[in-house]
Amino acid sequence: MIRAKLVDTDIKIYELILALLASLRQKGKGVLIFEDSLKKKAKVSEAIVFGSGNAALLASLIAMKNITKGEKTEVIIPSYTPLALYVTIKQAGLTPVLCDIDTKDFGFSSGCKETKANSKTLAAIPVRLFGLESSPAGKNDGFFVIEDNAQGFITPLKWDLQLISFNRGKNFPLLNGGAVLTNDEELAEEIRRVRTAYTSPSFINNIVTFAKFKAFCLSKSRLVYNLLLPFIEGMRQTKPPEYINEVLLSSWQSMLGAGEIFQSGENMKRRFELAKKYLLLLKDLSGVELPEVKEGSIVNRFPLLIKDKNKVEEIQLKLKKAGIESSRMYFKPVHLVFNLENKAGEFKNAEYIAERLLVLPCNPFLSDKEIEYIAEKVVKCFR
1 MIRAKLVDTD IKIYELILAL LASLRQKGKG VLIFEDSLKK KAKVSEAIVF GSGNAALLAS
61 LIAMKNITKG EKTEVIIPSY TPLALYVTIK QAGLTPVLCD IDTKDFGFSS GCKETKANSK
121 TLAAIPVRLF GLESSPAGKN DGFFVIEDNA QGFITPLKWD LQLISFNRGK NFPLLNGGAV
181 LTNDEELAEE IRRVRTAYTS PSFINNIVTF AKFKAFCLSK SRLVYNLLLP FIEGMRQTKP
241 PEYINEVLLS SWQSMLGAGE IFQSGENMKR RFELAKKYLL LLKDLSGVEL PEVKEGSIVN
301 RFPLLIKDKN KVEEIQLKLK KAGIESSRMY FKPVHLVFNL ENKAGEFKNA EYIAERLLVL
361 PCNPFLSDKE IEYIAEKVVK CFR
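Taking my numbering, the leading residue of the sequence shown gets 1, the next gets one more, and so forth.
Simulated from the structure, these hints should not be mistaken for laboratory data.
Among the clues, some could well be false.
Here are the computed distance ranges between Cβ atoms for each label pair [said to hold, decoys possible]: (1) GLY28 <-> SER286: 51 to 61 Å; (2) LYS380 <-> SER202: 48 to 58 Å; (3) THR199 <-> LYS90: 40 to 50 Å; (4) LYS369 <-> LEU223: 11 to 21 Å; (5) SER200 <-> LEU290: 39 to 49 Å; (6) ASP36 <-> ASP368: 34 to 44 Å; (7) LYS311 <-> SER119: 42 to 52 Å; (8) SER286 <-> GLU189: 48 to 58 Å; (9) MET1 <-> GLY142: 25 to 35 Å; (10) ASN118 <-> ASN310: 20 to 30 Å.
Using 20 Å as the maximum straight-line C-alpha spacing, the simulated DMTMM-like pairs for lysine to aspartate or glutamate come out as follows [said to hold, decoys possible]: (11) LYS369 <-> GLU273; (12) LYS318 <-> GLU289; (13) LYS269 <-> GLU295; (14) LYS116 <-> GLU71; (15) LYS43 <-> GLU189; (16) LYS311 <-> GLU355; (17) LYS277 <-> ASP368.
Beta carbons are placed, not taken as given, at the ideal position from N, Cα and C, and that holds for glycine.
With the sequences and hints as input, model every part of the structure.
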């Protein structure tokens, strides 16, 4: 039985009902209310909500392409990253350009972004994998910079645009949804113009989403979670999406988000504290490489690099038997999944990480004793 989950929530079913009633009372204006709450929380002038983080990114890229009149066509991304990022860029009619990543904070390798940038570069997307802070502020150098904070959450805006996600597995889960945050009014106006072509969820879609969210709330119970586990595992995406749906977030989910947003601070702080506790408990374990958890990190999952790649699946199985959920995340880097041309060793860190990565639970509802239990079982795997 799973006792330490990768994903959890403290949202109650009655809160879903209250959000639905509030949406009806506000005559479907939940998205506007949520956007206003996001602006206040992030201290930015513009917040634009979508039905998914990928849909938000797609609209943003198209808006940037429109602003530059299509003269810039390349987008720099990490070579080890969610595969939907590559699909989204291609769907926007743009060309992904890959950079290798760092094995400590999983951000761009030092100097890679600057080396790959040229006159055709429309944007660079530093991704905060696992919510780890890895994107230092700097100059834009003639192209947009999109902070992909989908696996983290709201942090002080450093660049042109920040992307956040409300998917089930993220740090602020509304089951689905995403948003972009910016202080660039011209860019925000163009993103909103692109968004006008997006579709609202249908009545049936809202019913299905409500039912799934109810199941998500019930899964707080360890017994219910284990009963639902086959269904949950079936929902997990193991292949890149073929297409990014151009959809909006429902009004009732937006009202739920508006109600939860200002209560989220303690949970985000707790994620950082748990990551630091993992570092302390595992610091003497010679069989793994530990991440660098910088100030500003809002850790979604705690990543380990298993030095002996042949032991990763064995360790994952041992942890599962001990009731600990873990994940391999993305089994291959982007260039290998999509068979892209590359020079030998060009993305050596991405390949190294893909073969050795295992992530541990870091949800804020885990107790210190549970983190100690997880760390103890990890250490035992190497004895």
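Between the alpha carbons of LYS369 and GLU273, is the straight-line distance 20 Å or under?
Holds - the C-alpha atoms of GLU273 and LYS369 are around 13 Å apart, at most 20 Å.
Against the range 48 to 58 Å, how does the distance between the Cβ atoms of LYS380 and SER202 compare: consistent or not?
holds, 50 Å
Compare the distance between the alpha carbons of LYS269 and GLU295 with 20 Å, and conclude whether the hinted pair is satisfied.
holds, 11 Å
In this structure, is the beta-carbon distance linking ASP36 and ASP368 contained in 34 to 44 Å?
Holds - the Cβ-Cβ distance for ASP36 and ASP368, about 37 Å, lies within 34 to 44 Å.
SER286 versus GLU189 beta-carbon gap, inside 48 to 58 Å or not
holds, 54 Å
Could you tell me whether the CB distance from ASN118 to ASN310 stays inside 20 to 30 Å?
violated, 40 Å
Taking the Cβ atom of GLY28 and the Cβ atom of SER286, is their distance within the range 51 to 61 Å?
Holds: the Cβ-Cβ distance is about 57 Å, inside 51 to 61 Å.
Note whether the CB distance of LYS369 and LEU223 lies within 11 to 21 Å or breaks it.
Roughly 20 Å apart at Cβ, these two residues keep to the hinted range, so it holds.
For LYS311 and SER119, compare the CB-CB distance with the range 42 to 52 Å and indicate the outcome.
holds, 46 Å
Pair hint outcome, LYS318 versus GLU289 [Cα-Cα no greater than 20 Å]
holds, 19 Å
So if I understand the rule, the pair passes when the alpha-carbon distance is 20 Å or less; does LYS116 with GLU71 pass?
holds, 17 Å
For the range 40 to 50 Å, tell me whether the beta carbons of THR199 and LYS90 fit it or not.
Distance hint for THR199, LYS90 is violated at roughly 21 Å.
The structure fails to meet hints 3, 9, 10 from the earlier list, while all remaining hints are met.
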